[in-house]
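Since each chain comes alone in its own frame, lean on the hints to assemble the complex.
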Amino acid sequence: MPEVVVPIGPHHPALKEPVNFRIIADGEKIVRLELDLSYNHRGIEKAAEQRNFIRVLPLLERVCGICSHSHATAFAKGIEEIMGVEIPPRAQYIRTIIAELERMHSHLLWLGVAAHEIGFNTLFMWTWRDREAVQDTLEEMSGNRVHYGMNEIGGVRCDLTTAQINAALSRLPVLEERIKKYQEMVNSEETMLIRFRGVGRMSKEEALKYGAVGPTARASGVDYDVRRDDPYLAYPEVPWNVITDTRGDVYGRTRVRVGELWESTQIVRSCLENLPAGPIRVEAPKNAPKGEIFSRYEAPRGELAHFIRTNGTDKAERVDIRSPTLANWTSVAMCLVNQNLADIPVIVAAIDPCLSCTCRMVVVNQKSGTTDMAEPGFAGDPGGRRYRGRP
Amino acid sequence: MIDPVFILIYIFVFPGFLFLFAYALFLSYLDRKIAARMQQRVGPPFYQPFADLIKMLGKEVINPHGVDWRIFDAIPVVALAAVMTAFLYVPVTGASPLAFSGDLIVVLYLMTLPTIALFLLGWLSRNIFSAIGGIRAVTQLFIYEVPFFLALLTPAIMAGSWSISEIVLWQQHNLWLVFLQPIGFIVALIGLQAKLERTPFDIPEAETEVVAGPWTELTGRRLALMHLTTEVSLVVGSTLIAALFLGGPLLPWTLSPAWLNGACGFGLFLVKTLAVLLVLSSITVATGRLRIDQLNDIGWKYLASAALVQVGIVLVINYLWVIP
Numbered sequence: 001m002p003e004v005v006v007p008i009g010p011h012h013p014a015l016k017e018p019v020n021f022r023i024i025a026d027g028e029k030i031v032r033l034e035l036d037l038s039y040n041h042r043g044i045e046k047a048a049e050q051r052n053f054i055r056v057l058p059l060l061e062r063v064c065g066i067c068s069h070s071h072a073t074a075f076a077k078g079i080e081e082i083m084g085v086e087i088p089p090r091a092q093y094i095r096t097i098i099a100e101l102e103r104m105h106s107h108l109l110w111l112g113v114a115a116h117e118i119g120f121n122t123l124f125m126w127t128w129r130d131r132e133a134v135q136d137t138l139e140e141m142s143g144n145r146v147h148y149g150m151n152e153i154g155g156v157r158c159d160l161t162t163a164q165i166n167a168a169l170s171r172l173p174v175l176e177e178r179i180k181k182y183q184e185m186v187n188s189e190e191t192m193l194i195r196f197r198g199v200g201r202m203s204k205e206e207a208l209k210y211g212a213v214g215p216t217a218r219a220s221g222v223d224y225d226v227r228r229d230d231p232y233l234a235y236p237e238v239p240w241n242v243i244t245d246t247r248g249d250v251y252g253r254t255r256v257r258v259g260e261l262w263e264s265t266q267i268v269r270s271c272l273e274n275l276p277a278g279p280i281r282v283e284a285p286k287n288a289p290k291g292e293i294f295s296r297y298e299a300p301r302g303e304l305a306h307f308i309r310t311n312g313t314d315k316a317e318r319v320d321i322r323s324p325t326l327a328n329w330t331s332v333a334m335c336l337v338n339q340n341l342a343d344i345p346v347i348v349a350a351i352d353p354c355l356s357c358t359c360r361m362v363v364v365n366q367k368s369g370t371t372d373m374a375e376p377g378f379a380g381d382p383g384g385r386r387y388r389g390r391p
Numbered sequence: 001m002i003d004p005v006f007i008l009i010y011i012f013v014f015p016g017f018l019f020l021f022a023y024a025l026f027l028s029y030l031d032r033k034i035a036a037r038m039q040q041r042v043g044p045p046f047y048q049p050f051a052d053l054i055k056m057l058g059k060e061v062i063n064p065h066g067v068d069w070r071i072f073d074a075i076p077v078v079a080l081a082a083v084m085t086a087f088l089y090v091p092v093t094g095a096s097p098l099a100f101s102g103d104l105i106v107v108l109y110l111m112t113l114p115t116i117a118l119f120l121l122g123w124l125s126r127n128i129f130s131a132i133g134g135i136r137a138v139t140q141l142f143i144y145e146v147p148f149f150l151a152l153l154t155p156a157i158m159a160g161s162w163s164i165s166e167i168v169l170w171q172q173h174n175l176w177l178v179f180l181q182p183i184g185f186i187v188a189l190i191g192l193q194a195k196l197e198r199t200p201f202d203i204p205e206a207e208t209e210v211v212a213g214p215w216t217e218l219t220g221r222r223l224a225l226m227h228l229t230t231e232v233s234l235v236v237g238s239t240l241i242a243a244l245f246l247g248g249p250l251l252p253w254t255l256s257p258a259w260l261n262g263a264c265g266f267g268l269f270l271v272k273t274l275a276v277l278l279v280l281s282s283i284t285v286a287t288g289r290l291r292i293d294q295l296n297d298i299g300w301k302y303l304a305s306a307a308l309v310q311v312g313i314v315l316v317i318n319y320l321w322v323i324p
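Residue numbers (the working numbering), protein chains in the order written: chain A, 1 to 391; chain B, 1 to 324.
One chain only, chain B, in its complex shape (with noise of 0.2 Å):
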């Protein structure tokens, strides 16, 4: 039995919520940073991301024409819950107090809700840059989640479990899955990358086509929170590849005492979610937006292609070497 003060610690405090805020906005400031460096330019200030969640927050909430405004406040708030949860599953300093055999679909379904809430705030806004935007993004959803799901089953198979802490611990005493399935880490980032519409993925609100897309209407605290719901996905996000193939926040061996093992889970932790944030932030900058139709064809013809072989060659390892 755990302290249940030491799980509402976890959940609100450290590393929950309160930590969650702060490393998303700093993971949200070191992306426009890194971005601005190579882009020649200089750069917002470390607390910008903070600046701008507080003035959106204070802002004026807009109701357009028409629109239920109970639905709208409410899908916000929906997403960003969702994500939050998510999160509390993912390994930070160790294996998470709250994991379960089966957290894995649990936090891919999480992470799933945001798209869906910005297709709903498209088709809500009743006006036809969300509309376009908002279709966009589910069709979206529907060439990049099948490879990104099969992408990070392959770690669940190989390890031959859905947990994702007992597929870190099979990494502890195993091989990093990186190594073991190279495929499956470029399709998960790519995967990543799609679902945080970022460029060359960020379809949906293509801001020269579409405006805004979904986020069109979206005025004040239902803005910031969507914001904050795309920066805490991109901590989920990260985290997740850094477990399920950078054998997450586990040492190959175990430190006593025990709050300096933790330490380096966390240490771990930060860096490996930090190399994750700097593919992601490089492939944004290097790229340009791609058509739908394009992405409809690269998803299905090679991401998907690609995770498929993936789960063939683990199913292949697997049969082959018989793991203790």
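The shape of chain A in the complex, shown without the other chains (with noise of 0.2 Å):
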């Protein structure tokens, strides 16, 4: 059979958001793959640095529909830090809680996309059941089941009551018990096994090159963990281990995840417990010196960056995002070559891709042939539209 180009994208069954895979393909092996992001730019970077502090953590709470927290905490504690604001230990926690069922619900939800794509529907329905208890917690939690709006520069929103922790730690065993069950099937269900297994291997060389981060990188034996590699919320109080895996294929990113949900329930049941007394937030200053802050946090995804450069006022001056997503991307791209045209979903949904967060707009020379992100202050009026061009 000639080569055919199968276009996936950025309207398609398997993908929830936009991309556009242009597959070229032999019958069914996959010989190579050209990608095309970047269809939803929402100018969140210029806004974030028209906006005082105050105001920048809900719009950065909607840069992801799953990690909103991540976004939130990630800027928050970069922020903090600049200004020199120690948060209360009790703030801590409740950030760590939310993180973790963050990580649960996002991982829950993963797991269920991953069994859909090999049209496992089954797991799928009973993960996206199971993940509803997380989400119950959080709105009890926060009032949100998405936007948890629980970050403040210097501490958290709202304080947990005994009640809210007595739910939650009692909802707790249920988790626990149907993700013991989650990581039984990972490892023993044929149908699964079968589709997972050997499909999308990425070595621990490649994965190290190509800059895979989070689960992506550890299923393939990178041993790295912001939470533990660079630590901060209460991370280094609560006992939890680093999950990974030396597969790298899509079985190991599968338990990866799955691992990572039990450490999730094990973190919340231990913050939860030993929730320290005090204040949930201190007085932050309105402005923030001039600095810069390179602000790393792990989100479920893999690790998340915020580039914030401040300049003494109330607002940043530039607030560079790289969500975990951006860094997967690449080892997709080398993951599918030679793969077989019916693995393009699973591998692709391997990395847990989130591709709003990831869009960012593309400045094209087409003199020169040349593209570029976008340079701060480039779109001008933040209303401005401008549409993404091809080389």
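Warning: the hint list may mix true and false statements.
[To be verified] List of simulated lysine-lysine pairs, DSSO-like, C-alpha gap at most 27 Å:
1. B:K59 with B:K33
2. A:K29 with A:K209
3. B:K272 with B:K33
4. A:K181 with B:K272
5. B:K55 with A:K29
6. A:K315 with A:K286
Simulated from the structure, these hints should not be mistaken for laboratory data.
This is the structure we're talking about:
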């Protein structure tokens, strides 16, 4: 069969967000992949430079619908470091609890999506049902299911009452039992093993070379987790393990994520049981001194980095967000070569892509044929509309 | 000579087309409901497949650019007609009045036509997803068809007849063939699952890979008819398996009056087809989708070998145990 171009996206049932792959396939084998990102530039970085710190946090939460707490915490953590504000231990614990609950609902969601990609809808229905328990806990604690709005510069917005803590603790055993069940299923369910094992393999060297982060890298044996290697919040005080795997395929990534689910339940339990007393926030100054900070955070999908430059006012001069999906895309393009057409959805899903967080405006210079990320201030007015170009 | 009015009623009303449609939609509902309950969902109300059918029949038919709409219109009709015809030869309340020696071959042939129709639809759609889906459908056909046919022909070898009704009669006098040929029964069930393109064999229409495969460009009544074809195939397939392996609608003894015999036969038909459906639904719920190369391995290495072993065993049994 001659080579055919299979267009996947920006509208395709396997992708819930806009991205375009041009898969050049020879029969059912993939020869090469052309990736076209950035359908959905939202101008959040620019908008973040126009608002003061109090108003930036709700905006940054909306970078992502799944890891909303991650973005807000990464930013708040960076600004607090610039300001020299130390947030109270209770606030740190509450942030950790929300962060780990978020990781749990993200990984449960991912497990369902991965199962759906191989047509195993039963697991999809089950994990999404169990995810509701996590969502309910989050809603009880913060009032919201998705955008929790828990962070403030200098602490958290609302305290946890004893009733909330007890309700959360009562849900944990159910979740632990279900997660144990999923751990068993991942290791023994033939239909998953047959589709996950040996698919989209990436060695440790390749993972390092292509800069993979998070569970994707850890599944290839890269023993790196920001929570341990650049500790923040309450992570140093809580017992937990970094989960790694040496397989490097989709199966390994599944094992890492399911392992992390279990670790998250333990972190949440430990934090809830040892929640220190005291205030939940301190008064933060309005303005931040001139400075630059590179704030790192282990989001559910991997290392999230916020670069913040302040200039002594109450606004950031530059906010640059490197979402984990951006770091993982190159590894996808590499993993897909020589794989089966049928494995595209599951390999793409294996990095847990979050596309709208990754979209950036690209400036294309047609004369020189170069492409660049938009410079700060390029867009002029934030409402100004530019269209994506092709070189 | 059979009364022509009876034949007409048999073909068009009961247990012919009218009953067939109702039962096909009912089985489709049960299938969805069973799957939903196993997946901890609520599932659709009982009229949902019927509502879907009516809705899709009423929707606009869109012709893809550059596609010959006459052929596109004709293919779903041919596929549906094929499986509806197949249903006339399988026993429902008793032996079909239209039965003739060799009707098993005809039924198998007619049940293959929807897959060919899907391939043609995919090929004619001028859509890359449809084309890939169509090629997958026909590749899959070559993989499951041989074990499926072998498995369904073993009852014929054992009973010494190519007629479904005679195989059922043979089972009435002897044993159900599922006890004599368990391997063949399992292969036949798996083959039927593959023929109906249900998980784990929904490779041609894998939603996350090729959108809807050959179904992608189908709209309105074409889509409705193709869905109906699949649902009718489910009825024909489960009836066929019930007849060949589970003794069909016949009781081991004859009841009088005749209507009571027929009613009991019909009851047995319902119970047996529902049992087959339950197995098929469980397979659907318990598995994910295979890849076409994995299916190739499994189909030829295990299914085909198992079916051949079954044929060998049947030949040995027939040789040793001379059937009266």
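The hints, checked one at a time:
For a cut-off of 27 Å, the pair hint linking K59 of chain B to K33 of chain B stands: about 25 Å separates their Cα positions. Straight-line distance between C-alpha atoms of K29 of chain A and K209 of chain A comes to about 25 Å, which keeps the hinted pair within the 27 Å bound. Restraint check for K272 of chain B and K33 of chain B: satisfied, since their Cα atoms lie roughly 18 Å apart, inside the 27 Å limit. For the given pair, K181 of chain A sits about 34 Å from K272 of chain B by alpha-carbon distance, which is inconsistent with the 27 Å threshold.
Of the pairs offered as hints, the one joining K55 of chain B and K29 of chain A is violated, with about 39 Å between alpha carbons and a cut-off of 27 Å exceeded. Restraint check for K315 of chain A and K286 of chain A: satisfied, since their Cα atoms lie roughly 9 Å apart, inside the 27 Å limit.
Checked against the numbered hints given earlier, this structure breaks hints 4 and 5; the rest are met.
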